[in-house]
Amino acid sequence: MRTQWLRSMAVSRLQVVSGKGGTGKTTVAAALALALAREGRRTLLVEVEGRQGIAQLFGTEALPYEERKIAVAPGGGEVHALAIDAERALLDYLQMFYKLGSAGRALKKLGAIDFATTIAPGLRDVLLTGKACEAVRRKDKAGRFVYDHVVMDAPPTGRITRFLNVNDEVAGLARFGPIHNQAQAVMSVLKSPQTAVHLVTLLEEMPVQETADGIAELREAGLPVGRVVVNKVRPHHLDEETLRAAAGERRGEVAQALARAGLGGARRGGLAERLVDPLLEQAAEHAGRVELEREQRAVLAGLGLPTYELPLLGAGMDLAGLYELATELRKQGDE
Amino acid sequence: MTAGTTSTKTGTGTGAATGAGAAAGAAASTRTGTGEPGGRTAVGTAPRLAVDALLDDPGTRIIVCCGAGGVGKTTTAAALGVRAAERGRKVVVLTIDPARRLAQSMGIDSLDNTPRRVTGIEGGGADAGTDADGAEAGGTGTGATGGGGGELHAMMLDMKRTFDEIVEAHADAERARAILANPFYQSLSAGFAGTQEYMAMEKLGQLRARDDWDLIVVDTPPSRSALDFLDAPKRLGSFLDGTFIRVLMAPAKVGGRAGMKFLNVGMSMMTGTLSKLMGASLLKDVQTFVAAMDTMFGGFRTRADATYRLLQAPGTAFLVVAAPEPDALREAAYFVERLAADRMPLAGLVLNRVHGSGADQLSAERALAAAENLEEGGIVDQGPGKHGLRDPDAGPPPHADEVTAEGTTGARTTAHETTADATTAARTTETTADDMTADGITADEITAGLLRLHAERMQVIAREQRTRDRFTSLHPDVPVTEVAALPGDVHDLAGLRAIGVRLATG
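Here the protein sequences come in this chain order: Y and W.
Heads up, the first sequence is in the numbering used here, so the first residue is 87 and it goes up one at a time.
Heads up, the second sequence is in the numbering used here, so the first residue is 359 and it goes up one at a time.
Don't read these hints as lab results, they were simulated from the structure.
Quick caveat, the model's predicted, so the values are computed rather than measured.
Where hints are given, some of them may not hold.
[Stated by the list, open to error] Chain Y regions said to be covered by chain W (calculated; three or more residues, Cβ under 8 Å):
| no. | stretch |
| --- | --- |
| 1 | 100 to 111 |
| 2 | 160 to 168 |
| 3 | 281 to 287 |
| 4 | 320 to 329 |
| 5 | 357 to 366 |
[As the list claims (entries may be wrong)] Anything over 10 Å on all C-beta distances counts as not near chain Y; from chain W, calculated:
| no. | residue |
| --- | --- |
| 6 | Asp467 |
| 7 | Asn471 |
| 8 | Gly478 |
| 9 | His528 |
| 10 | Ala531 |
| 11 | Ala699 |
We treat Cβ as the ideally placed atom computed from N, Cα and C, and that holds for glycine.
Turn these sequences into a full structure, and let the hints steer you where they fit.
Right, here's the structure in full:
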């Protein structure tokens with residue numbers, strides 16, 4: 087397993103995190119960035135959808151289009167963050183390759199930048215993936231990589247394949263020229279073992295179905311699938327057999343136990359006695375959910391991918407919770 | 359409204375502008391007293407959204423469901439469609455990207471770009487809400503339904519098909535062929551950024567123009583941000599009016615204009631740059647495409663503007679859909695503000711997957727303390743060495759003396775009821791549950807398990823309440839309906855109907 091972690095997590099320098107809406111992909115991406123920033127390593131957490139989810143998660147002000155340090159991981163590693171803005175990325179790109187100063191502004195006035203970043207097919211996605219790949223490849227003066235890992239909080243599962251594959255499409259459209267070359271360069275990173283695409287899911291029917299569909303699409307497009315991250319896993323307390331007993335012949339014992347615990351009288355109409363029904367009802371819902379989760383786990387197991395499981399945090403998501411999840415990811419990665 | 363909800367009012371009312379967090383905390387603590395049966399929670403200070411009144415009003419012609427991804431938007435749209443149809447309206451539901459299961463739940467294997475009639479709708483205008491909690495439905499105006507005749511149709515937006523149809527309808531055959539064969543067009547219509555939004559607007563306009571239905575329920579695209587849907591016509595308009603498109607079509611003409619001298623430099627540089635950037639062949643594709651579309655662009659613009667105005671009209675109602683989670687409600691708040699800025703008629707907020715408890719008089723803290731108490735009884739009996747870990751004077755006495763001998767069999771393990779087929783062992787934060795599969799499970803252990811489950815439920819409820827109160831304090835006037843969390847997914851019309859009941863009575 088240790089070697090598996092090394093192979094699948096440490097070698098993939100670009101880690102793309104996708105998932106159905108509501109599964110917590112931003113949280114998982116942030117926790118993964120923290121987990122990878124171990125032993126003095128440096129990771130870059132990239133946001134591409136302009137939602138400022140990272141800033142909200144870390145409790146900082148809105149991120150500018152600029153890489154900045156947002157967290158220090160246990161052991162001295164650093165997490166940097168960047169919210170990629172397509173328009174700025176295009177101007178940067180033009181500046182970098184064509185030294186366009188005032189012409190860039192003229193383009194903006196004309197609405198060309200608007201066109202390029204919102205309407206022209208795929209250009210926006212090309213710029214976003216292109217910027218992330220640039221960060222993956224960037225080296226300092228000494229020739230070392232500036233970031234050990236780049237973690238991308240990517241678009242949701244339904245759009246991830248198209249998003250990552252856009253460069254292929256654009257390379258086909260623009261059959262030569264700098265856009266073509268740029269698109270090819272980006273695809274060479276995205277389709278290599280340097281990249282791993284992880285899908286976040288919950289143990290519920292629709293997210294699991296979408297995960298299975300998403301993996302099939304990614305595989306078909308030749309994109310490297312990493313892991314399935316099962317998020318918000320709740321502990322299981324009681325099995326159905328026990329519940330049946332509790333609801334049936336042992337109902338009175340439960341009421342007495344509640345009374346013993348200081349929760350009121352166990353007699354009919356007593357406080358403890360009145361708690362039994364609602365508590366059993368909740369437990370029955372729980373048992374039903376456990377059964378559904380069992381089915382969904384089986385579906386996920388059929389996908390043949392390594393899996394992470396992250397617990398549901400009772401207190402809700404905050405910075406402490408993020409570090410907790412990061413620790414959990416490291417632990418599971420080391421096994 | 360129960361007494362409990364009134365007491366929350368004092369909590370949030372004062373915190374409207376500042377200190378919303380503190381107010382929310384106060385409200386959450388008072389909430390435990392609402393004690394509403396049936397596992398539903400009360401809607402705090404917000405007015406209640408009367409869903410049936412909205413569905414029954416013949417003046418309601420379009421309902422738009424919007425919100426963040428993963429909050430049950432499409433399911434909500436489908437459930438509203440079912441309920442409206444069963445209350446006698448002729449409804450079409452336009453979904454954008456439904457899960458396969460949802461299409462199947464309406465008895466349709468796969469939805470496509472043509473509305474399909476959904477069978478199994480219980481017509482007759484009678485109130486479908488026969489569930490126990492259907493009694494207090496707001497505006498159960500069965501009279502408005504006019505004695506049945508309700509129908510439900512459903513369809514899924516096919517972006518490419520919709521785009522192709524526009525081209526075919528508005529260009530002569532030869533030109534249409536040229537456009538459809540253009541590589542640039544093929545990529546654009548297959549759904550790159552923005553196209554889905556334009557086409558959703560276009561389709562809505564088409565459905566409304568056909569006038570075959572008296573109610574259209576629209577699900578919105580899973581947008582990167584809520585803005586995209588509303589921005590579609592404007593963005594298209596500004597693009598079509600922009601200089602850029604004219605440059606693409608006839609660079610020389612624009613460059614030669616008087617007063618555009620400052621642009622001249624940029625212009626010549628630009629066409630050169632564009633050609634360099636995109637490669638000459640792509641630029642040529644784009645130019646051909648724009649030229650071919652030229653005559654159609656005006657129509658696009660007109661229709662997009664018309665649809666935008668249609669959305670502002672009184673016959674339209676926006677429903678913002680959210681789950682009681684910070685991200686989803688933040689998006690919802692944002693959308694509420696955005697709708698107001700665009701003068702779009704907001705009907706209210708649908709809050710999905712809200713948890714409740716029939717035993718909410720028992721707080722999480724007390725439940726946990728009681729659970730520990732019961733479990734501790736076992737420890738005390740089993741190994742006196744652990745006795746010192748807890749101060750017996752803190753909290754209620756452990757009643758160790760009442761624990762019978764069988765309590766000692768409750769060997770403590772950290773193993774939860776994990777399924778054997780799971781590839782990875784379930785990792786849990788708790789390490790206290792006993793091995794419940796053992797036959798000799800004591801009543802104390804069962805009860806402790808029940809109490810722990812309850813504590814978890816109460817924590818979820820408190821968290822949801824805090825999140826919701828934050829929204830309510832920002833937007834106290836937005837009517838809210840709550841839909842209690844379902845244990846599983848929706849598989850059939852009955853499931854959608856059940857959600858419809860919850861929507862109407864939440």
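Each hint tested on the structure:
no., hint, verdict
1, 100 to 111, "holds (count 4)"
2, 160 to 168, "violated (count 0)"
3, 281 to 287, "violated (count 0)"
4, 320 to 329, "holds (count 8)"
5, 357 to 366, "holds (count 5)"
6, Asp467, "holds (15 Å)"
7, Asn471, "holds (18 Å)"
8, Gly478, "holds (21 Å)"
9, His528, "holds (19 Å)"
10, Ala531, "holds (25 Å)"
11, Ala699, "holds (18 Å)"
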